[in-house]
Amino acid sequence: MKILVVGASGLLGQHTVTQLQRRGHVTTALARTDRPGIDHALDVSAASVGDWREVLAGHDGVVFAAGLDDRRPLRRPAYPTLRRANVEPVVALLTAARQEGLTRAAVIGSYFTCIHRHHPTWHLAIRHPYIRSRVEQAQEGRAAAGPNLPVAVLEVPFVFGAAIGRRPDWCRPLESWARSRWPLYAPDGSTAVTSARHVAEVAVTALEHASGEDLPVVEDNLSWQDMIARVASAVHRARPVRRLPSAVLRTALHLAGSLESLTGHQSGLTLAHLPDLLLHDLHLDPGPAAGLGLPGRPNLLDTAIAESLGR
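Mapping of the sequence shown onto the UniProt record's numbering: position 107 corresponds to residue 107, and the numbering continues sequentially without gaps.
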């Protein structure tokens, strides 16, 4: 197959290109900025359907591994910016892919779409602009692709791993804290986690199978205490992780949200509602994605944690 990878200079994009090439596929790497290893430079937030058709001509499939995550405070209101980054480029891309006759596509999204699907009473897409953008990304992207272009949506949780010039942004403050002499605290609740390599494996296999499913991508479900403890161990600063009272977490995030409002900013995950999310068990069942990794290979999570921390 010949596959276009959008966002090929990012952490997940680089791993996806590598995994495609390992399996004998031809890749075209596209990113916002021209650099070694990038075949096309294109601002995806400004690209028209015509721009995408020109790039997509002659390809069998496409992976969208770009977009804006939930950890960057944005000017209030945050949703229009998130829509321009996460929804509109996917709609234009998949419209062009349908018109060019591509036969498969994968969108690397967020595990919050899975949690939203299984817990509709939490009203996540109403409370959090980032989650709304990811839900609409999947819905509107598939509508643009039409019935003859299957679109796999990878629902990706916290990712560990590294690539050239790339580590998860959220790892840096966590690493600094773990290396310090400060005590470690974590709230109740838990999250799914995975490695960048596993995300790439699932993406490539989904393309090979022309899957159109929602694919939760998970290698383990960890309590927040377990996750912080594993990071501390990886930097050789293992020590107990104490329980952070829920009331302290709620107060801290409420104050942070008030400060955001005063400065005219808003996070993709609304801070006032974030404790209600973090204090739950945000677990994933891999479901259809369970068979889409590489059979027989060991869990790569510990290796990926060490890579994330520059070890």
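These are calculated hints, taken from the structure and not from any lab test.
C-beta atoms are modelled at their ideal positions from N, C-alpha and C, and glycine is treated no differently.
Be aware that a few hints might be false.
[What the hints assert, rightly or not] With beta-carbon atoms standing in for the labels, derived distance ranges:
(1) Gln139 - Pro36: 34 to 42 Å
(2) Arg172 - Asn148: 40 to 48 Å
(3) Ala46 - Thr251: 15 to 23 Å
(4) His265 - Thr33: 48 to 56 Å
(5) Ser261 - Asp285: 20 to 28 Å
(6) Thr33 - Glu140: 25 to 33 Å
(7) Gln139 - Arg181: 25 to 33 Å
(8) Pro147 - Thr251: 46 to 54 Å
(9) Arg239 - Asp302: 28 to 36 Å
(10) Thr121 - Asp169: 25 to 33 Å
Taking the hints in turn, this is what the structure says about them:
{"no.": "1", "hint": "Gln139 - Pro36: 34 to 42 Å", "in the structure": "holds (36 Å)"}
{"no.": "2", "hint": "Arg172 - Asn148: 40 to 48 Å", "in the structure": "holds (43 Å)"}
{"no.": "3", "hint": "Ala46 - Thr251: 15 to 23 Å", "in the structure": "violated (41 Å)"}
{"no.": "4", "hint": "His265 - Thr33: 48 to 56 Å", "in the structure": "violated (25 Å)"}
{"no.": "5", "hint": "Ser261 - Asp285: 20 to 28 Å", "in the structure": "violated (37 Å)"}
{"no.": "6", "hint": "Thr33 - Glu140: 25 to 33 Å", "in the structure": "holds (26 Å)"}
{"no.": "7", "hint": "Gln139 - Arg181: 25 to 33 Å", "in the structure": "violated (47 Å)"}
{"no.": "8", "hint": "Pro147 - Thr251: 46 to 54 Å", "in the structure": "holds (50 Å)"}
{"no.": "9", "hint": "Arg239 - Asp302: 28 to 36 Å", "in the structure": "violated (18 Å)"}
{"no.": "10", "hint": "Thr121 - Asp169: 25 to 33 Å", "in the structure": "holds (31 Å)"}
Violated hints, in rising order: 3, 4, 5, 7 and 9; the structure is consistent with all others.
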